[in-house]
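Novice: Listed here are the chains, written in short residue letters.
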Amino acid sequence: MLVSTNWLKQYVNLDHVSVNQLAEDITKTGVEVEQVIPPLVDSEHLVVGYVKECVQHPNADKLNLCQVDVGNGEIAQIVCGATNVTEGQYVVVARPGAVLPGGFKIKKAKLRGEASEGMICSLQELGIDEKYIDEKYKDGIYVIEEEVKAGQLAAPLLNLNDHIIEFDLTPNRADCLSMIGVGYEVAAIYNQEMKTPELNLTTADEQSSDYISVEIEDEQANPYYGAWIIKDLQVKPSPLWLQNRLISAGIRPINNVVDVTNYVLLEYGQPLHAFDYERFQSNKVVTRLAKDGETIKTLDGEERTLTADQLVITNGSEAHAIAGVMGGEHSEVQEDTSTVLLEAAYFEPQTVRQSSKYHGIRSEASIRYEKGLDITRVKEAATRAAQLLAELGEGQVLGSIVEAGSTEWTNDVITFNQVEMAERIGANISLENMTSIIERLRFDYEVNGEDISVTVPPRRRDLKIKEDMVEEIARLYGYDNIPFTLPTGVMNQGGLTKRQKHLRAVHGYLQSSGLYESVTYSLTTEDKANQLVSPEVEVLNVKPVRLAMPMSDLHSHLRLSAVPELISSLQYNVARNQYNVGLYEVGSIYTQTEGEGTQPTERLRASAAITGLWENHPWQGVKKPVDFFVIKGILEGLFDYLKLNDVEFEQANLESLHPGRTAVIKLSGSVVGYVGQLHPMTQKQYDIQETYVFDLDLETILGAMDERDVYEPITKYPAIAQDLAFVVSQDLPARVLEEAIMEQGQPHLKSVRVFDVYEGEHMEEGKKSIAFNLIFQNNERTLKDEEIEEARKSIVSYLEQQYQAVLRG
Amino acid sequence: MKERLQTLKQEALDQVNSASDQRALQDVKVYYLGKKGQITDVLKGMGKLSKEERPVVGQLANEVRDEITEAIETKQQTLEKQAIEKQLQEEAVDVTLPGKPSQIGGSHLLMSVIRDIEDLFTSMGYQVAEGPEVETDYYNFEALNLPKGHPARDMQDSFYITEELLMRTHTSPVQARTMNKHEGKGPVKIICPGKVYRRDTDDATHSHQFTQIEGLYVDENIRMSDLKGTLNVLAKHLFGEDREIRLRPSFFPFTEPSVEMDISCKVCGGDGCSVCKKTGWIEILGAGLVHPNVLEMAGFDSNKYSGFAFGMGPERIAMLKYGIEDIRHFYTNDVRFLKQFHRV
Ligand SMILES: [Zn+2]
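Protein chains in written order, with my numbering: chain A, 1102 to 1910; chain B, -5 to 338.
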């Protein structure tokens, strides 16, 4: 909403306040001001001039030499290049000293040997937007067509000196979609009088009802419809003052009839529509719901097909307007129109919203109807318009308005008291102070003992409950005057839950392991939503959840793994020459386990993707790309950190992953995720080099963690290390041997760890050598050599028998 | 014999002096002081001496031996020192060469902002509450005083999945869910961070996915002044002790009264500049007193209980704090961006 301050001053005295102060006060008490648009030109050097003489410039074919009366008998010689300048015109003259929009300074000049004291201006030169300018003045100077005097200031005449305040209205403040509404608001802020327009309409003896009748078929959608006939009108351009008002509000002037309806819309917030009575071709208005498939050609020239939930204004047979949205082209007011059918109606917000949404039209009318108008103001607005039409179009307003339905409205009464006010606000506002604020708002009220009962006027139908009145009073009392306090209730224990603390530990570990935390989109493509899904999710047999109406295919489905989006992030980095990147994300996946259309289960997962060099220290010869064991090491470290011991990595063959470099991860025997290298084909698909990823079900992991850390006393008895190396079949996994050694090494074997693997030269075909470091320990005593020897023997003989292992030297 | 000892001493001391390394010194030691060394040799010949001479020569021999031993030790120390110095010289590195980089990751800026706010509020007795991102129409809208067809639903065009399911458009449904769990008993003190989704085309200032963090405090006698005081703590924590806050009226269907909180502009100190759109104030968050309908729908008696709620965008806070110009930086995961933030 654009609010002209020059216009606003018509209703409220604002002499004591600067525009910037006004904007700030409005923002602080009720409505956010988006910006203050400064005046286009505000100069005493911009005046009305009378062209007394206009001859061709002696030295230039295309220039005119004008003698212009600029007031007080002063004649200024001005060189003008416009083709439409002639003797006898009143024009806008920028005299030396004037500054035009764009910082253009007017100075005395000599043009082709002739002195020129200023400039005769076009509207563009005065900063008026092209869209508001009449065709005939688009390519030349502006000629004033009203009665003016030479020397008169031109800025007020064309409203160039106006400050315009742009409001950012919240949906509840529909009252401020009208100048009168804004007037009430500003009057309340400054405790000023609010001057509403004076209405004194004279009507002809002839009755509107002789020409028109009104019938409402659906009172729910259309509670009130009024029709007024104005005869013998002359359709012509509006006077400047009216055009100025419309332009200040961002509406293009068209002709006096249309302009008057728009003016009243802006002033009262009440949309009106003028039909050409002859072209309406009927003596009755019937408002009804449209028939499915019914068509209408609207004012914008579009042929529109209607549906049965849209309200239309008809002449008994054909639709001539979509109610509250847009009129029809057929009965549009034109230059030859002489009888107008003026519509002043109230349509239900829901009805208008539906039509407006369906047709994609947000007109000045529809945005007001949608929010809910002051129904009691409809006739007043119609009277104002009729009066202006009579005045500006020299028309005759016939009898009284022809009506159907009713404009009755029951006012809400809100009762509250000073204690309630103080309890909500935390400040003691005296009863007097409260009632004086209510008076400033121009609301009727009654005080009964402690209670104040406020009768809410229909222009403020957003106010319904106590809390609404609390807000009204508090905002005008001033939020700045409310003290700073903190709640004084019972102390309670806050803080993070165990789960949240554990989650933070996971983040802390992953970050310290060298990965950067990332945030990717949950909505992805259908392909990516189905890619790299972990086996324990795959077995749920769910499809990715799809949006009903995605904005694009890029974000149409909810992910089942964050890994594809993380790979895209790697790719984004690589494309910008960042080749060594490790990212992780902790975020949800969405599995519709209860069937299509049900609320999905959201499970947290930790995912990662790494590409490029993991260690990079070239001058000392360290340049180690990420490999399977780097990413596996991060995971092993994580489980170690979280004290989860029962973890296995099992060779696996998963789609989109390298078949020889992929493992599923099992926690206590159940799959909780995977780790591996992307399949070379997948790498190619993402345009990326060797990349390793993992995807881990955090819910299971968090669930398996101990509530808190458990202390294990540090033993004073020494640990004894033993190394054992075996030659075994090449395809025997290390884990199998490790587990066997661990079992056979009991009760004193504490840990087994591979420290060397050798295959190739000097090794029998199909064999490998694998060496283990064993640590024996007893927390209560020093172990004897025989005990170690016994364990060793048992391990060796078991591996020999079971796996044909050969102990090495 | 005395002369021989004197000569030996002189010879030995000369040789000790000229020994250039540890091995040479060791040779000198063996030659003079060893089992078969020169001094030992002299001592062996003492038997031939008279009773009177024996103690005199003996004492002299001991003196000579001690003197040589001491000289050797001194020399030994000197040589060791020289050797270490040589070693140190050889081991010197160019300290200006680059060190081996540590592999270190870091926290995402958005998440850091969220954790920072969580920590502030948990220290004031709040708990962190979470809820689903795919939400029911009921919790996302209806329970928040936004019935079907409510015009304010247009304010946040949403991604629907079915008529009853959608990507949550704010974190407010977590408030409704948590209040429900409390079964009408206060206090409820929660802070709710999370991802939210709206039908926006991604550009420098819009993102179809973004984050929010909301706070809710429901108890008996919660007042607007409590909200003001709490927001003041938050604003100063986030932006510095020297910042002022102001509340101004706004509209949210789930709060009444509703306010927006601005902080004073640091760039211009309140005089007005391009950062604050010439107002001296920068909009930070929305807040208000919980609407009685919302309390009632969540099972709280609105005559007994009142509450305040506030909600903000971590993206906006991070953008203001660091002057970040494009919201998409939070979602591309460009390491050149991620690496810049380790503390908030
Ligand atoms: Zn500023």
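Hints listed in this document are in silico derivations from the structure and should not be mistaken for laboratory results.
Do not take every clue at face value.
[To be verified] Derived coverage of chain B by chain A (criterion: at least 3 residues anywhere in the stretch with Cβ under 8 Å from a Cβ of chain A; other residues may be distant):
hint : segment
1    : 31 to 39
2    : 84 to 95
3    : 104 to 112
[Said to hold, decoys possible] One-sided excerpt, in silico: chain B residues whose CB lies under 7 Å from chain A:
hint : residue
4    : 72
5    : 153
6    : 154
7    : 181
8    : 222
9    : 239
10   : 241
11   : 263
[To be verified] Examples of chain A residues lying across from chain B (beta carbon under 8 Å, computed):
hint : residue
12   : 1204
13   : 1271
14   : 1273
15   : 1525
16   : 1526
17   : 1530
18   : 1594
19   : 1643
20   : 1656
21   : 1684
22   : 1689
The beta carbon of each residue, even a glycine, is placed where N, CA and C say it ideally should be.
Novice: Next, verify each hint and record whether it holds.
Specialist: Hints, one by one, checked against the model:
1. 31 to 39: violated (count 0)
2. 84 to 95: Coverage by chain A holds for the segment 84 to 95 of chain B (4 residues, Cβ < 8 Å).
3. 104 to 112: With 4 residues close enough to chain A, the hint holds.
4. 72: Result: violated, 36 Å to nearest chain A Cβ.
5. 153: Nearest chain A Cβ about 5 Å off; hint holds.
6. 154: OK, holds: residue 154/B within 7 Å of chain A, min 5 Å.
7. 181: Where the cut-off is 7 Å and the nearest Cβ of chain A is about 5 Å from residue 181/B, the hint holds.
8. 222: 5 Å, holds
9. 239: 9 Å, violated
10. 241: Hint holds; residue 241/B Cβ to chain A Cβ min 4 Å, cut 7 Å.
11. 263: Violated. Min distance 16 Å.
12. 1204: Violated, because the Cβ-Cβ distance from residue 1204/A to chain B comes to roughly 19 Å (cut-off 8 Å).
13. 1271: 3 Å, holds
14. 1273: Holds, because the Cβ-Cβ distance from residue 1273/A to chain B comes to roughly 4 Å (cut-off 8 Å).
15. 1525: This hint holds: residue 1525/A lies near chain B, its Cβ roughly 6 Å from the closest one there, short of 8 Å.
16. 1526: 5 Å, holds
17. 1530: With a minimum Cβ separation of about 12 Å from chain B (threshold 8 Å), the hint on residue 1530/A is violated.
18. 1594: 7 Å, holds
19. 1643: Given a least distance of 13 Å, the restraint on residue 1643/A is violated.
20. 1656: OK, holds: residue 1656/A within 8 Å of chain B, min 6 Å.
21. 1684: 6 Å, holds
22. 1689: 6 Å, holds
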